[in-house]
Structure formats: structure tokens, C-alpha cells
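Whenever a hint applies, use it, and build me the whole structure from the sequences.
One-letter residues, chain by chain:
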Amino acid sequence: EPEVTQTPSHQVTQMGQEVILRCVPISNHLYFYWYRQILGQKVEFLVSFYNNEISEKSEIFDDQFSVERPDGSNFTLKIRSTKLEDSAMYFCASGTSGTVSYEQYFGPGTRLTVT
Amino acid sequence: GEDVEQSLFLSVREGDSSVINCTYTDSSSTYLYWYKQEPGAGLQLLTYIFSNMDMKQDQRLTVLLNKKDKHLSLRIADTQTGDSAIYFCAESIAGNNRKLIWGLGTSLAVNP
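Sequence order for the protein chains is A and B. Each residue of the first sequence is one higher than the last, beginning at 32 in this note's numbering. Each residue of the second sequence is one higher than the last, beginning at 61 in this note's numbering.
Hint data in this document are derived by calculation from the structure and do not stem from the laboratory. Do not rely on the hints blindly, as some may be mistaken.
[To be verified] Listed next, with one range per pair, are the computed distances between beta-carbon atoms:
#1 B:G142 / A:P33: 39 to 49 Å
#2 A:I85 / B:K116: 28 to 38 Å
#3 B:G75 / A:T146: 38 to 48 Å
#4 A:L70 / B:E65: 13 to 23 Å
#5 A:R111 / B:M115: 40 to 50 Å
#6 B:R135 / A:T44: 22 to 32 Å
#7 B:L105 / A:N83: 37 to 47 Å
[To be verified] SDA-like mimics (lysine to any residue), calculated; alpha carbons at most 20 Å apart, straight line:
#8 A:K73 / B:Q97
#9 B:K96 / A:M120
#10 B:K96 / B:D138
#11 B:K96 / A:Y133
#12 A:K73 / B:S167
By construction, the Cβ of each residue, glycine as well, lies at the ideal position given by its N, Cα and C atoms.
Structure below.
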């Protein structure tokens with residue numbers, strides 16, 4: 032069964048460093064998302080991506096964040112200058128474009144630790 | 061604003077039914093979802109219901125939606141120890157972006 036994959040599973044970085052979190056969505060999906068979950072808090076929407084552009088972003092998704100779909104299979108989230116408060120589990124999700132299906136399938140997540 | 065609330069913990073005995081409850085605030089919700097997260101794992105889509113439905117059944121899972129009270133529940137029949145996990149309720153709001161708004165999750169403990 033196809034699934035969303037994410038790498039790395041755990042990333043440790045120093046404050047101020049850039050990180051790139053990678054995701055491979057399910058191959059025939061057209062909608063892509065990033066969410067994050069800070070420990071003990073709700074899962075939060077960061078950004079949605081469709082047709083090679085951002086379709087919506089949350090207030091969290093400020094100028095230090097960017098997303099890219101560089102090669103038609105990968106979907107990346109870049110954090111330019113990490114802060115301590117960026118430490119969280121980051122989930123990538125993908126969804127179909129079907130009129131009936133609003134399903135979003137999630138990857139296993141990348142745990143980002145900023146020290 | 062958009063908000064989803066769930067109780068944090070539920071403990072049941074193996075073989076009993078579990079009922080996990082969720083309330084949401086946005087009346088423009090289109091789909092409501094239940095996701096399961098096992099320890100160390102990602103978010104697994106269990107089931108979802110369209111907002112114009114009252115009930116959906118899928119094997120051991122029954123979803124009930126009371127749109128008037130903005131209340132969603134997930135019933136797991138014959139709960140097994142393998143059902144121990146965190147269960148998240150989420151809603152998507154009308155529109156093209158389909159972003160999900162999440163509850164904090166209910167931790168289900170199944171005791172033998």
C-alpha cells in the first residue's frame with residue numbers, strides 16, 4: 032500500500048542553523064501539507080501546496096519557512112534560521128484531488144530538536 | 061474561531077466498547093476525521109464522515125455526528141489491547157485548502 036515517507040526521522044540542529052525536512056508524498060496525490068506538533072500541544076497546520084504553489088499558510092509559516100517540490104516527487108520544508116521554539120514533530124501529508132476524497136495521509140514525522 | 065476539543069484520557073477493559081468524544085466550533089466544517097497515533101508512529105487515518113451524514117460504520121468503528129450540537133464520537137466495538145493509542149479528532153473547513161484543525165487527542169488505554 033502506498034505511503035508517505037519522511038526523512039530524517041530525527042534531526043538535531045543548533046539554533047540559527049538551516050534545516051531541510053524531506054517528504055515523498057503518495058505518487059498520484061496532488062495536494063501536499065506540512066503540519067507540526069509541539070510536545071503536549073495540538074497538531075498545527077503550517078502550509079498547503081497545490082499546483083506548484085502555496086494555497087494557504089498559517090500565521091506560524093513566516094518568512095523563515097519555505098516549501099518546495101523540486102523534482103515532482105519530493106516535497107521539502109526549509110526552516111532558514113531555526114529557533115528553540117521550532118522544536119517539534121513535523122508531519123508531511125498528501126491528499127488526492129478527487130471530488131469525493133478529502134483524505135489526507137500522513138508520514139511518520141520528523142522530530143526536530145533545536146539546541 | 062476554529063477549535064476542536066477532546067477529553068484527554070479514556071481507560072477501558074479489553075472486550076468492552078470505547079467511546080471517544082469530540083466537540084468542534086466551526087459550523088462550516090465539511091469533513092470530520094478520526095486519526096490514530098500509536099507510540100512512535102505517525103498519524104493514521106481511521107475514518108471520516110461528511111458533515112451531512114449522521115452516522116458511518118466501518119467494521120468495529122462507528123462514527124456518530126450531531127451537527128446541531130457540533131459533537132462527534134468514535135465508538136470502537138470489542139476494544140483490543142492493540143487499540144491502545146492516541147485518537148485525534150480533526151475537522152476540515154469549507155474551502156479549497158482542506159487544512160485540518162485538530163483536537164489535542166484522547167489517549168485510550170485498554171486493560172486486559
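Please verify whether A:K73 and B:S167 have alpha carbons no more than 20 Å apart. 13 Å, holds
Is the distance from the Cβ of A:L70 to the Cβ of B:E65 consistent with 13 to 23 Å? 19 Å, holds
Between B:G75 and A:T146, does the C-beta distance stay in 38 to 48 Å? For A:T146 against B:G75, whose Cβ atoms are near 46 Å apart, the range 38 to 48 Å holds.
Straight-line Cα separation of B:K96 and A:M120 no greater than 20 Å? 16 Å, holds
Taking the Cβ atom of B:L105 and the Cβ atom of A:N83, is their distance within the range 37 to 47 Å? Check failed, 25 Å falls outside 37 to 47 Å.
Pair hint A:K73 and B:Q97, alpha-carbon separation not exceeding 20 Å: 13 Å, holds
Holds or violated: the 28 to 38 Å window for the beta-carbon distance between A:I85 and B:K116? 32 Å, holds
Check the hint pairing B:K96 with B:D138 against an upper bound of 20 Å on the C-alpha distance. 17 Å, holds
Determine whether the Cβ-Cβ distance between A:R111 and B:M115 falls within the hinted range of 40 to 50 Å. Between A:R111 and B:M115, where Cβ atoms are some 47 Å apart, the hint holds.
Between the beta carbons of B:R135 and A:T44, is the distance compatible with 22 to 32 Å? 43 Å, violated
For the pair B:G142 and A:P33, does the Cβ-Cβ distance stay inside 39 to 49 Å? 23 Å, violated
Would the pair B:K96 and A:Y133 pass a check requiring their Cα atoms to be no farther apart than 20 Å? Measuring from Cα to Cα gives roughly 17 Å; hence the hint holds.
Checked against the numbered hints above, the structure violates hints 1, 6 and 7; every other hint is satisfied.
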